[in-house]
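Q: So the sequences go chain by chain: C and U. Per our numbering, residue 1 is the first one in the first sequence, and the count goes up by one each step. Per our numbering, residue 297 is the first one in the second sequence, and the count goes up by one each step.
Simulated from the structure, these hints should not be mistaken for lab results. One should not assume that every hint holds.
Below 35 Å or equal to it, Euclidean Cα-Cα: the simulated DSBU-like pairs (lysine-lysine) are [unchecked claim]:
no.: 1; chain 1: C; residue 1: 279; chain 2: U; residue 2: 329
no.: 2; chain 1: U; residue 1: 329; chain 2: U; residue 2: 488
no.: 3; chain 1: U; residue 1: 355; chain 2: C; residue 2: 138
Simulated coverage check for chain U against chain C, where a stretch passes if three residues somewhere in it have a Cβ under 8 Å from a Cβ of chain C [to be verified]:
no.: 4; region: 337 to 345
no.: 5; region: 380 to 387
no.: 6; region: 425 to 439
no.: 7; region: 453 to 467
Keep in mind that this is a model prediction, so the values were computed, not measured. Backbone N, C-alpha and C fix where the C-beta goes; we use that ideal spot for every residue, glycine too.
Each chain is listed here by its residues.
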Amino acid sequence: MYQIKIRGGFGRMDLKNYPRREYAIEQFTQAQCYELIGEKFFFVMDGGYDYELEITGKTTCLWNLAGEEPEESEYLCLKADDTTYLFTYELKSREKRTSHTYVIDKEQMLVTQLTCTRGLNPRFPFMVKSEYDFGAIKAEGRELTFKRHYYTGEILGTTVQWDWNTELFTQHAYLEPAYYRITWTSDSQAEQSFTRFTSALPSTDEPATYIKIKDKMFLFVLTEMNNERYVNHLSPFRSNNMAFLQNYDRMYHVGRTFGTLSKDGVISDIQILFGAFGKPVELNEEFITMKNPFTV
Amino acid sequence: MNQSNFGEKYGIAQYRFPHAYDLAGREFCFGDKLISFDDREVLSFCGEKYGYECLKIEKDTYFISFGENAAVLDDAFGKALFITPDGYAFCGDDPWQFTDNMTGTAVRWVLGSEKYTNHVYCAPDKARFSWSPFQDTYITAPAKYTFIKDGIYLVDIAGEIPQNVCAPEGYDRVLFLEDFEHVMLVGCLMGKGVPPITVSGYGKFVDFAPSLFEQIG
Chain C
1 MYQIKIRGGF GRMDLKNYPR REYAIEQFTQ AQCYELIGEK FFFVMDGGYD YELEITGKTT
61 CLWNLAGEEP EESEYLCLKA DDTTYLFTYE LKSREKRTSH TYVIDKEQML VTQLTCTRGL
121 NPRFPFMVKS EYDFGAIKAE GRELTFKRHY YTGEILGTTV QWDWNTELFT QHAYLEPAYY
181 RITWTSDSQA EQSFTRFTSA LPSTDEPATY IKIKDKMFLF VLTEMNNERY VNHLSPFRSN
241 NMAFLQNYDR MYHVGRTFGT LSKDGVISDI QILFGAFGKP VELNEEFITM KNPFTV
Chain U
297 MNQSNFGEKY GIAQYRFPHA YDLAGREFCF GDKLISFDDR EVLSFCGEKY GYECLKIEKD
357 TYFISFGENA AVLDDAFGKA LFITPDGYAF CGDDPWQFTD NMTGTAVRWV LGSEKYTNHV
417 YCAPDKARFS WSPFQDTYIT APAKYTFIKD GIYLVDIAGE IPQNVCAPEG YDRVLFLEDF
477 EHVMLVGCLM GKGVPPITVS GYGKFVDFAP SLFEQIG
């Protein structure tokens with residue numbers, strides 16, 4: 001039990017022992033962004049389906065396919081730099097759980113849309129399917145640009161350590177255009193949290209997508225598909241989809257998850273924000289050069 | 297290519313969060329103190345205009361650096377703290393106060409890749425600090441601690457930054473708005489005749505020598 005609460009907090013204490021909640025990847029999440037309140041966007045998408053988005057409050061937005069009636073959703077928003085936003089909400093009207101996640105780039109007036117849907121795979125009902133579309137933000141008095149955020153190999157060869165909380169860090173290697181690989185050392189909380197199920201797999205490779213947003217900024221998206229296919233009886237995370245908006249200029253990222261948690265027999269939806277601070281890391285040659293066992 | 301880097305060009309400002317523009321266009325009046333955020337870059341305070349930088353530590357709590365001044369603003373509870381060359385002004389109903397709650401706390405604040413400062417809050421009016429790479433060379437300096445809300449404190453240490461550390465020379469004061477729930481901070485370094493440097497970062501609870509906690513005088 002902690003000290004009796006007095007005016008000004010919990011009384012004198014070593015704040016290492018502050019009675020904070022237990023965190024995994026969400027402790028170093030930056031504060032949510034409210035500065036888009038009152039703004040309206042029209043996204044002209046290359047896929048031919050344009051979208052409108054209006055931010056009506058600190059947690060509420062209206063969105064619609066152009067020409068259709070707006071629908072209200074609760075959103076979450078984080079910034080990766082002064083003018084680039086990761087904006088996400090779930091679609092209440094869909095039979096299958098669906099989310100839209102946008103990278104709204106007000107510097108270049110570009111947008112990337114990630115649509116995630118759960119429940120389309122008859123064998124693995126928790127599997128998350130991701131679809132991408134790219135477009136430009138329409139603004140009065142400005143011509144639409146022909147440039148786009150787009151898939152990239154520019155990030156391949158990157159190795160980075162992400163510090164997620166005071167005890168948890170992971171080390172990522174971005175080596176192939178459609179996969180990423182993860183590891184950690186024994187002094188990370190990951191050793192206790194993740195090793196149990198990753199050690200049952202031939203490697204930690206998972207499908208991933210890399211999209212260039214601007215110089216030194218990438219949208220990196222992974223889905224824990226191999227985890228779901230092969231070790232879903234061991235892992236609490238069921239086909240988690242994680243979207244990272246990574247800023248390599250300052251070496252941090254912001255992100256969100258969309259997936260399912262299976263804990264003590266209880267299945268629940270998860271959609272959380274996360275963040276981490278990065279630093280360069282050298283990973284051993286064997287880890288880097290090992291063939292991806294999930295590809296031919 | 298490997299995108300990872302040590303953020304050399306930003307120094308201790310490497311992990312600084314994106315600026316928060318939530319307050320642009322808003323005005324707050326606390327008795328004789330009026331602060332008006334004209335746009336994303338300029339604010340008016342007591343009749344003077346300043347360029348400003350605003351960082352969020354949590355959804356409604358902001359740290360603002362402007363000129364030789366700084367402020368903490370809580371938009372949910374209508375409280376503010378202004379720190380000017382004249383001293384502290386606590387504003388709002390049931391205003392914030394200095395606290396001795398933090399005494400006994402020690403933390404390493406990481407502001408960039410391999411760039412950090414160790415803080416030891418050894419007394420209600422003093423702190424010990426060091427800067428990497430000389431993490432064992434501590435300076436004892438006057439300090440003020442303000443309770444903002446559960447887990448969130450403003451730490452104000454008036455001590456000159458030594459030579460050859462990761463922070464630049466010429467700065468003699470740090471103002472850190474520290475969140476011990478998330479173990480992150482936003483804040484700034486200040487000095488006479490030098491522009492403030494805004495910073496963000498995360499904390500690590502490393503082992504500190506017990507002697508660092510001995511109180512002075």
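Q: Let me make sure I understand: some of the numbered hints might not hold for this structure. Which ones are they, in numerical order?
A: Per hint list: 1, 4, 5, 6, 7 violated.
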